[in-house]
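Visitor: These are the residues of each chain, in order.
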Amino acid sequence: MNELTRRRFFSKGAQGFGALALSQLASAEGLGGLPHFAPKVKRAIYLHMVGAPPQLETFDYKPKMKEWFDKDLPDSIRQGQRLTTMTSGQSRFPIAPSVFDFKQHGQSGAWVSELLPHTAKMVDDIAIIRSMHTEAINHEPAITFMQTGFMIAGKPCIGSWIAYGLGSMNKDLPTFVVLNASHTHPRANVQAISARLWSSGFLSGQYSGVALRAAGDAVLYINNPDGVTREVRRTMLDGVSALNGMEHERWLDPETRVRIEQYEMAFRMQASVPELTALDKEPESTYALYGEDARKSGTFAYSALMARRLVERGVRFVQIYHRGWDVHGNLPEVLPSQCKDVDQASWALVQDLKQRGMLDDTLVVWGGEFGRTIYSQGKLTPKDYGRDHHPRCFSLWLAGGGIKGGTVYGETDEFSYNIVKEPVHVRDFQATLLQQFGIDHSRFTYKYQGLDQKLTGVEKAAVVKGILA
Amino acid sequence: MAGRGRGHESGRQFGLYWTAIWVFKKMRFTTVLVFAGLGFACPLAAAPKVDFQREVRPILSDGCFLCHGPDKSTRMVNLRLDIKDGAFATRKMGQVVAPGNSKKSLLYQRISATDGRKMPPEYSHKKLSAQQIDTLRRWIDEGAEWKEHWAYRAPVRPAEPVMKRGDWARNAIDRFVLAKIEERGLQPAREAGRRSLIRRVSLDLTGLPPTVEEVERFVNDSSPDAYEQLVDRLMASPRWGEHRGRYWLDAARYGDTHGIHIDNYRDIWPYRDWVIQAFNRNMPFDKFTIEQLAGDLLPEPTTEQRIATGFQRCNPTTNEAGVIIDEVEAMYAKDRADTVGAVWLGMTVGCATCHDHKFDAIKQTDFYALTAFFRNSTQHAMDGNISDTPPVVVVPAKEDRARWDTLAAREKELIREMAAVRSEADGKLASWAAGERKQAWGGELLALDLKGAIRVKRAEGMAAADFGEGVALGGSPWPGRMALHFDKKGVMELPGLAELEVKKAFSVGAWFYLPQGEESFTIVTMQDAKQKGRGWSFQVSGRVPGVRFYGDEGKSIEIRAGHLDQLTPGTWNHAAFSYDGTGEALGVRVFINGAEARTQRKATAKVEGDFANSGPLKLGNPGKAFDPGGAIADLRVVEGAAGAEQARLMMLWPVVEEARGRGLAELSADEREGLRLLYLLNEDAGYKRLIGELAALEPERRAIRRRGTVSLVMEERQDQKPFAHLLNRGMYDQPREKLDANTPSALPPMAAGLPRNRLGLAQWLMDEGNPVTARVTVNRFWQEVFGTGLVKTTDDFGAQGEPPANQELLDWLAVEFRESGWDVKKFFKLMVTSAAYRQEARATEEKLEKDPDNRLLSRGPRYRMDGEMLRDQALAASGLLAGGIGGPSVKPYQPAGVWEAVAMKESDTRIYKQDEGEALYRRSMYTLWKRSAPPASMDIFNAPSRETCTVRRERTNTPLQALVTMNDPQFVEAARVLAEGSMMAGGDVETRTGYMAARLLGRGLEEREKAVVRESYRAFLRHYDSAPDDARKLVGVGERKAAADVAVAELAALTMVANQLMNLDEVLVK
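For the protein sequence lines, the chains are A and B, in the order given. In short: position in the first sequence from 1, add 223, done, that's our numbering. In short: position in the second sequence from 1, add 11, done, that's our numbering.
Careful, some of the hints might be misleading.
Said to hold, decoys possible - Under the rule of at most 30 Å between Cα atoms (straight-line distance), these lysine-lysine pairs were calculated in the BS3-like manner: (1) B:K83 - A:K683; (2) A:K683 - B:K137; (3) A:K289 - B:K500; (4) B:K374 - A:K670; (5) B:K613 - B:K541; (6) A:K294 - B:K499; (7) A:K602 - A:K326; (8) A:K294 - A:K602; (9) A:K519 - B:K1044; (10) B:K617 - B:K566; (11) B:K137 - A:K688; (12) A:K344 - A:K602; (13) A:K577 - A:K265; (14) B:K1044 - A:K504; (15) A:K606 - B:K543; (16) A:K688 - A:K577; (17) A:K287 - A:K263; (18) B:K541 - A:K602; (19) B:K1021 - B:K1044; (20) B:K60 - B:K95; (21) B:K374 - A:K683; (22) B:K500 - A:K602; (23) A:K688 - A:K326; (24) B:K499 - A:K606; (25) B:K468 - B:K699; (26) B:K158 - A:K670.
To be verified - Chain A side only, calculated, beta carbon under 8 Å to chain B, not exhaustive: (27) I375; (28) Q429; (29) R436; (30) G439; (31) N446; (32) N447; (33) V455; (34) V481; (35) S495; (36) H612.
To be verified - Derived DEER-like restraints, expressed as beta-carbon distance ranges: (37) B:K514 - A:G312: 53 to 59 Å; (38) A:E637 - B:Q745: 29 to 35 Å; (39) A:P605 - B:E917: 29 to 35 Å; (40) A:E637 - B:K514: 56 to 62 Å.
In short, the hints are calculated from the structure, not lab data. Note that CB positions come from ideal geometry on N, CA and C, so glycine has one too.
Just chain A, same shape as in the assembly (with noise of 0.2 Å):
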């Protein structure tokens, strides 16, 4: 118990903790002390490409490459660096550039792909960090990493730190909500994600994200039987109220009184889901921002698209994950695909959250879990090649609060290979992200097994200042 919740108690005496405990039912306050200074922002949208995008076609031009084709490395730049067992059988490791065209836009002058021709557009709202690095070299791992500070399953997770310190904005909806965009290329090559990337770890269950659903119930359970009304519904739940407070005169558990008021919060959550989930109360404007995909349940705009209306209904952190990135054959072909998916609708986010006045005080962020390599993994033809894993850098961007638009953070060799300027680090780039919502990294912390867990881990961690206005 750290010292103001202490505080307050010692404040309240011995008086009727039950009054207390009812009065914090309908409160949204998050744990006592945090934030630990202003905050930038309230809420975060983070757009996870699982797989791994590769940085070499997104957003880290390496035009010198073009002359290196076919060439092998030099082991000056790989410096005999771990590989994944996919490669490290090979016996040459051919230079592959990027078959597609890179060009300047926007005041900043940023280097994007063709492959984002949206996302171009948006330069001046976002911050590019190129010199992004992990420790993992395979995807498990390393999205376990990106996502809980920790490669072995068992941390909670961004959303669940955040949502553990800073609580509720909403009566009813989940603080915390997940969702799985689909991807369209049958070629891509899909890893696998799962609950763990959701779950509190060793903070309480309450914490876990709540996945969102394109497909049957968009929560779990959430809608009644067929052929039981909302009426019905409320005439059940009058009858369980009144009967459980007979429960309650008779063993007076404190925890029945909480079982009623569960139930009615169950109750209003089925209200407030189908309104969330209906998108034909959508004008005709947002497809046109976001395309046509976004009418399409389950596609990646469709998920931004909710995504801005969980934040709008005060969600404090959404979680949308897109598929199909493990690029490590026929880049040429899937990649523009997996680009295509969610280009248009994640500047379309950004765009809309500015239009509503939204994007002073939510934070976007796009990014995959770690890099690819420059040499190819298989068969090198000037039309087509592979990517393998590569922790040594990526690049991601960030939007919003609190974040300089139009910087480019961050430099690699002119292999892509190794960081050579400001290197940013999972954890600093985790670090940054608390540091938006105003919690400095290194305070916020959970006593699990004796020690103080935090998300950034025992090794050092600094916010990237450079990417802060």
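Once you've looked at the hints, dock chain B against the given chain A.
Guide: Frame of chain A, contents of chain B only:
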């Protein structure tokens, strides 16, 4: 109970709206902290002497150990406060703790300082409250009594306390409980009514509610030991083992899929059944432990004992391409050590992965020495995405068990007879060898003759062969014998062997050179590109030889040697495979250097269609851009499925040929062995008969195997002793000193006579001198029945864990359990027949204030049940519950898309195909547990994902849970079936609702309750009378069809009443 938050329960006090309920519970906990821990604002709190264990050590641990604790790497000014010598040391400035004089104590001076000398320092983000500082002051002034950490001292049976109310206690538990209750000025509650009592005890012992008949029998049983008899009946039910087993499976992290990445199905449900049976047979807990940790190391282990070791195979595994084996192996070992730590030791050993433990005396070397026990397994890090990742044990169906054992005995016997014949063969060999001995193999389909010009010996005669591009003749391991040497793209083509088809048994063997620095090399392949690669391929990949058969449409099966049989690049080796013409993966054997290899393959795999094709045969060319060179010195394809001896003969063939025409006496050992084999296999009728008999066992064995299943087990490597390297900072790629397997140094050492392997570890855990195992175990059992352990931090009995709420009771129970011979049923009987357990659950304002979380047991236990119990209760009450004990996992109702949303497309647990019939209504513990997407309705009720060991489930109350019990078709259908039952039973509405209440609550409704239910029913009926479509839809939920002639509106209305009753607090809690 000390005045600080810790573990799971620390920190967070104010809630989200979303789950504010949980906060409610916590507040009550906090309130007790205020009273009990700080002795503040509580009228009854005298000022007893400060208790070192409960009050002082936690403050020191929390506030000081980080820099003044066991971890020497972060220790400051060489001061330790976790050991007596450190705390009472005299230093330059004086004594750290001067007993009786806080002013003179450096410790107190520093914690009470107001300047920069104040401890803990600002930068540590740690702070001692005024209360805590005062506690330390009082402790010093009272004489600074010091005790070693309570949990690491062996429990001694304490004397039973004397209480004021002598008549209340039924057994020793009660005397300890009552003493605490009285200490707080409280009175125990009266005994619960029989109806509540039977419901509580049935749910606690079997996980199921009592039937109406059982309730009535108990209520009307006037015998003085009616309750004890009831307890005996419940424990005799096979449902007992299921219910106890379910808790254990959380600890064992049991799941039906591998967990990581593709997350395919795995065969391990026989382990789950073993757990159930062990509880049902009341296996003593020491045996239970030893068999799970080391059943395979017991003398002549039975199938059951091997299945038990599945405990250690329950950890999540991966087959993600690209993973680094060392990393994964380190991860598995850590998981297993952590699990043993949590389940038996109550120690967070994993905290010492990267450095010495910060709070407990667990050194980093302790952690790695513990992992060593589990690193000596034959299991490969990669699970192969197959369900039967070796090692496995075959589990025949019950009716096949005896025959299976007979066949195994017969096999042993034949092998013994063959050995006898072999040992006598040399006598006969001499006369045979002296005569015109035959040198031919017999049944040879193809052989390379590499002695002169390259020739291919085929059944129809010799043919010359051409070199392909990039192939040259070069040296071989035998003087005078050549080998084909391939450059990177070299390939040699030979005419194909069209006679090789799926129904033909054949074998292939080759001497070959695996190139330096390479992992793979293709020996020989015969495939038809025009038929999507139909054919077969014999190659080395990942340094192990294996064969792949490509059937129709490019569908293939692979059989490869296990990881322990890896070849060394840059060496010559012989590899062979034999195929028995059945098309089955089980019909393929792989041999390396003349010995049979363990294989990795999906046992149920079969060749799709046929692999026959017209060739050509390609030697040495992998056909891939980056593949290497290599060499082949001998290659032969022979008819028939080679056994171990034929494979050995194939290996020896180059030397056997050299033995031609030479006298026996001149021959080398290899030559002699080759000749002996040739003689036995071709000439000795008796030996040939034995071989034939051995082979004849195979079809039946395989049939039995097919009817049965397999289960993942643990198996010890025989070629080395358990060891592990300390991993610097826990990094798999930074191995440091080599450590032998050993137990944590903070606990009494392993007896000298114990083997330093898993068996020794298990015996050490159960040793009388082990201070933790018994305590940790009884605490977990206590938690199952009373909701919270006597030590709340079930998995952490260390310095940061919660000191026991009643240590005398805990110790008494621990000694009692151990001395009873680890008798689990006896122990549970002791708990549930105590007066403490039998109390009514009614609270009072005073109890809520002084004992808000019922940690003192001032009233009967009452808390929300787990998701499994809630579903089982609904099934049982409605009469839907089906099936006996055990069996494969099932897939009941689950919302569409739960698996699909997360799974990879390659996963065989991607599409959730709901089962039909009985499988929909089995107990929840049989629901297939996919780790990356656990059963949705269980997940919502705080079930763990089963990815790591869980010895204490959380218990929150969220709106999502209400949605499950209101809307899940499983519950809706159960409500309707219950309603239908009430209609069948006849009577008016009141009788019907009474029928339902009896099954859900174990009692009739009170008048005022009846009024509420009646009113609800009328409203429901009004609706369904006016909306017959709605009524039809509601009664149509679920696979079990409603009777055709039933009054639909009435049934719908009653269904809603049942749904209402099922969602009552009284039904959700036990």
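Visitor: Against this structure, judge whether each hint is valid.
Guide: Going down the list of hints, with the structure as the test:
1. B:K83 - A:K683: holds (20 Å)
2. A:K683 - B:K137: Roughly 18 Å between the alpha carbons, so the hint for K683 of chain A and K137 of chain B holds.
3. A:K289 - B:K500: Distance ~28 Å between K289 of chain A and K500 of chain B Cα, so the pair holds.
4. B:K374 - A:K670: holds (21 Å)
5. B:K613 - B:K541: holds (27 Å)
6. A:K294 - B:K499: Distance ~19 Å between K294 of chain A and K499 of chain B Cα, so the pair holds.
7. A:K602 - A:K326: holds (28 Å)
8. A:K294 - A:K602: holds (13 Å)
9. A:K519 - B:K1044: Holds. K519 of chain A to K1044 of chain B sits at ~28 Å (cutoff 30 Å).
10. B:K617 - B:K566: holds (10 Å)
11. B:K137 - A:K688: Holds, at roughly 27 Å.
12. A:K344 - A:K602: violated (34 Å)
13. A:K577 - A:K265: Holds, at about 15 Å.
14. B:K1044 - A:K504: Holds. K1044 of chain B to K504 of chain A sits at ~28 Å (cutoff 30 Å).
15. A:K606 - B:K543: Answer holds: K606 of chain A to K543 of chain B is near 25 Å, not above 30 Å.
16. A:K688 - A:K577: This hinted pair holds, its Cα atoms lying about 23 Å apart.
17. A:K287 - A:K263: Measuring from Cα to Cα gives roughly 39 Å; hence the hint is violated.
18. B:K541 - A:K602: Judged against 30 Å, a Cα distance of about 22 Å means the pair holds.
19. B:K1021 - B:K1044: holds (27 Å)
20. B:K60 - B:K95: Measuring from Cα to Cα gives roughly 20 Å; hence the hint holds.
21. B:K374 - A:K683: holds (23 Å)
22. B:K500 - A:K602: Holds - the C-alpha atoms of K602 of chain A and K500 of chain B are around 15 Å apart, at most 30 Å.
23. A:K688 - A:K326: holds (27 Å)
24. B:K499 - A:K606: With a Cα-Cα distance of about 25 Å, the restraint between K499 of chain B and K606 of chain A holds, given a limit of 30 Å.
25. B:K468 - B:K699: Distance ~26 Å between K468 of chain B and K699 of chain B Cα, so the pair holds.
26. B:K158 - A:K670: OK: K158 of chain B and K670 of chain A at ~25 Å, within 30 Å.
27. I375: Holds. Min distance 6 Å.
28. Q429: holds (3 Å)
29. R436: With a closest approach of 6 Å, the R436 of chain A hint holds.
30. G439: Because about 5 Å separates G439 of chain A from the closest Cβ in chain B, which is inside the 8 Å limit, the hint holds.
31. N446: Holds: closest Cβ of chain B sits about 6 Å from N446 of chain A, inside 8 Å.
32. N447: holds (6 Å)
33. V455: holds (6 Å)
34. V481: Holds, about 4 Å.
35. S495: Hint violated; S495 of chain A Cβ to chain B Cβ min 11 Å, cut 8 Å.
36. H612: Since chain B brings a Cβ to about 6 Å from H612 of chain A, closer than 8 Å, the hint holds.
37. B:K514 - A:G312: 53 to 59 Å: Once the Cβ atoms are compared, 36 Å apart, the range 53 to 59 Å for G312 of chain A and K514 of chain B is violated.
38. A:E637 - B:Q745: 29 to 35 Å: holds (31 Å)
39. A:P605 - B:E917: 29 to 35 Å: holds (30 Å)
40. A:E637 - B:K514: 56 to 62 Å: Once the Cβ atoms are compared, 60 Å apart, the range 56 to 62 Å for K514 of chain B and E637 of chain A holds.
Figure legend: structure checked against the earlier numbered hints; hints not met, in rising order: 12, 17, 35 and 37.
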